[in-house]
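S.K.: Read off the chains here:
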Amino acid sequence: MTDLRYAVRYFHVVPPVSRLMVISFGVLTTAGGLLTVADGTNASAAVPILVLQAFGVSTGFAVLARRGYFDLLVARGLPRVRIAVVQWVLAAMPGLCCWAVLGATHALNHGGGNPFIQSGTVVAFLMASTIPWAVSVGLPRFSGAIGWLLVAAQADFGGVIWPDSVHDVIVPVVLLGTDLGHRLEVLTPAVMLSLVSMTLALVWVHRSDIRLEAAQ
Amino acid sequence: MTTALSVRDLTLRYGRRLVLGNVSFDLGAGQSLGVLGSNGAGKTTLLRSLIGCLSPTTGEIRINGLLPRDALRRTAVAYFAGEATLPGFARAAQWGALGAGDVITVDRRPLRALSRGTRQLVGLRTALGRHPLGLVILDEPWEGLDADAARWLTATLEAKRDRGAAIVVSSHRVDDLAGLCDAYLILLPHQAVLMAAHEITQDGPVAAAQLAAVLEDLAGASPHASRRLRESNRHNGALA
Numbered sequence: 001m002t003d004l005r006y007a008v009r010y011f012h013v014v015p016p017v018s019r020l021m022v023i024s025f026g027v028l029t030t031a032g033g034l035l036t037v038a039d040g041t042n043a044s045a046a047v048p049i050l051v052l053q054a055f056g057v058s059t060g061f062a063v064l065a066r067r068g069y070f071d072l073l074v075a076r077g078l079p080r081v082r083i084a085v086v087q088w089v090l091a092a093m094p095g096l097c098c099w100a101v102l103g104a105t106h107a108l109n110h111g112g113g114n115p116f117i118q119s120g121t122v123v124a125f126l127m128a129s130t131i132p133w134a135v136s137v138g139l140p141r142f143s144g145a146i147g148w149l150l151v152a153a154q155a156d157f158g159g160v161i162w163p164d165s166v167h168d169v170i171v172p173v174v175l176l177g178t179d180l181g182h183r184l185e186v187l188t189p190a191v192m193l194s195l196v197s198m199t200l201a202l203v204w205v206h207r208s209d210i211r212l213e214a215a216q
Numbered sequence: 001m002t003t004a005l006s007v008r009d010l011t012l013r014y015g016r017r018l019v020l021g022n023v024s025f026d027l028g029a030g031q032s033l034g035v036l037g038s039n040g041a042g043k044t045t046l047l048r049s050l051i052g053c054l055s056p057t058t059g060e061i062r063i064n065g066l067l068p069r070d071a072l073r074r075t076a077v078a079y080f081a082g083e084a085t086l087p088g089f090a091r092a093a094q095w096g097a098l099g100a101g102d103v104i105t106v107d108r109r110p111l112r113a114l115s116r117g118t119r120q121l122v123g124l125r126t127a128l129g130r131h132p133l134g135l136v137i138l139d140e141p142w143e144g145l146d147a148d149a150a151r152w153l154t155a156t157l158e159a160k161r162d163r164g165a166a167i168v169v170s171s172h173r174v175d176d177l178a179g180l181c182d183a184y185l186i187l188l189p190h191q192a193v194l195m196a197a198h199e200i201t202q203d204g205p206v207a208a209a210q211l212a213a214v215l216e217d218l219a220g221a222s223p224h225a226s227r228r229l230r231e232s233n234r235h236n237g238a239l240a
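Protein chains in written order, with the numbering used here: chain A, 1 to 216; chain U, 1 to 240.
Chain A extracted, bound-state conformation (with noise of 0.2 Å):
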């Protein structure tokens, strides 16, 4: 617990998210916010904060590791992937506050049948905060979100017509505000690949060598 508490202590003096991605949220749900008070039959506003996500979670945990940046939390005996943990959920919490805030004002405006909290919301959710940490986390800031965003962009104006369930887990923007129940072809393959990505990239973390950029 001591170590955990640690941990977040130091990712508040480190933070995984800039400031500057954090005033966007803020923007963004503010906008986002009045949009849904306006109109309450979809969950449009979250479009703008799911990306967002996907770019704030992108923290190319190995890249910052390899600066660096965490050997104070190693030599204090930190597990690797308890530190890739705490980064994780501290950068995916930003955009998580601002799609509670969007369904609680919904909910505050409109009452029930709340598209924030359909199963199709909280799936773009999971994936949105998982797979772009995932991806990144051997590469470069942002890398997650910029590959996913040109896999994205090739699935809508590529040419090639994918099945609706192939295109719905590669964009899953399309899945905001819907209900995925009786979609299991869907929701069973983007669960899935949010949590395989997860653990594939922590695996890593737990097994690979941490150089120091500049060192021999």
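The hints are simulated quantities; they were obtained by calculation from the structure and are not laboratory data. For clarity, every value in this text was computed on a predicted model and none was experimentally measured. All residues carry an ideal CB built from backbone N, CA and C; glycine is no exception. Possibly wrong hints are sitting among the right ones.
Listed next, the stretches of chain A that the computed footprint assigns to chain U, with coverage defined by at least 3 CB atoms under 8 Å from CB atoms of chain U [said to hold, decoys possible]:
no.	segment
1	9 to 23
2	66 to 77
3	202 to 211
Calculated from the model, a selection of chain A residues having no Cβ within reach of chain U, i.e. all distances over 12 Å [unchecked claim]:
no.	residue
4	V27
5	L34
6	V37
7	V47
8	L90
9	N109
10	G138
11	G158
12	I170
13	G181
14	L193
15	M198
Ranges of calculated distance between the beta carbons of each label pair, as one might list FRET restraints [to be verified]:
no.	chain 1	residue 1	chain 2	residue 2	range
16	A	V37	U	S55	54 to 60 Å
17	U	A113	A	D3	26 to 32 Å
18	A	Q154	U	R17	35 to 41 Å
19	U	T2	A	L96	47 to 53 Å
20	A	P189	U	D146	43 to 49 Å
21	U	S55	A	H110	52 to 58 Å
Fit chain U to the known structure of chain A by using the hints.
M.R.: For chain U alone, kept in the frame of chain A given last:
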């Protein structure tokens, strides 16, 4: 004297390239080891492997009898690899408080706004802030420090050593390490030579000139160097 750090036949490769070959030494609590070598000799790689960030290709590292990753949870270790490893956007005062929670500096500027020497000092004071320390591992800690700060660092290391901490400190300058250490590990291409201080001189602490002469001998291929090398290797691992 208990062995705080034991390194046995440590070999480390990056891909096919041999970076460290057959390094062995034991270091007891309250002893200090100076790691010397030219740029690219593998000093940083050795020190990083001691805290478990790099896995040995062959050989073994033990801290108080445990593998580094397990030992770090039980032994208080200070490790610092230089100011370049500090996140520049972190605020100096907050970073300093991550050590033992004490106020190290009241400067609220981001670390990148500080001078190189000040960053180095903040990093060192943060890493060395914990106490009591069982093991101190510092990579070229004198880099960028002014004379006062360098004296503070040397005095701090001596104080930690006297209180029972094992110290491993690297430098590529003999002036930094001369007189401070009980033994010197000299990293040469594909070879490491361990020399106890009393092997270099019987008359008190090792002087910088004496250490420089040893390095020159080892770097050259003279028969004298080869003899010294053979003698040193016989003492390998017999420090603790």
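S.K.: State for each hint whether it applies.
M.R.: Now the hints, each set against the structure:
1. 9 to 23: holds (count 6)
2. 66 to 77: Contact hint for the segment 66 to 77 of chain A vs chain U: holds, 9 residues under 8 Å.
3. 202 to 211: holds (count 3)
4. V27: 21 Å, holds
5. L34: The assertion about L34 (chain A) holds, with a minimum of 32 Å to chain U.
6. V37: 36 Å, holds
7. V47: 29 Å, holds
8. L90: 14 Å, holds
9. N109: N109 (chain A) is indeed farther than 12 Å from all Cβ atoms of chain U, at 38 Å.
10. G138: 15 Å, holds
11. G158: 37 Å, holds
12. I170: 34 Å, holds
13. G181: 44 Å, holds
14. L193: 30 Å, holds
15. M198: It holds; M198 (chain A) is separated from chain U by about 22 Å at its closest Cβ, greater than 12 Å.
16. A:V37 with U:S55: 54 to 60 Å: Holds: the Cβ-Cβ distance is about 55 Å, inside 54 to 60 Å.
17. U:A113 with A:D3: 26 to 32 Å: At 31 Å between Cβs, range holds.
18. A:Q154 with U:R17: 35 to 41 Å: 38 Å, holds
19. U:T2 with A:L96: 47 to 53 Å: 48 Å, holds
20. A:P189 with U:D146: 43 to 49 Å: Roughly 60 Å apart at Cβ, these two residues miss the hinted range, so it is violated.
21. U:S55 with A:H110: 52 to 58 Å: For H110 (chain A) against S55 (chain U), whose Cβ atoms are near 56 Å apart, the range 52 to 58 Å holds.
Hint compliance for this structure: hint 20 is the single one not met.
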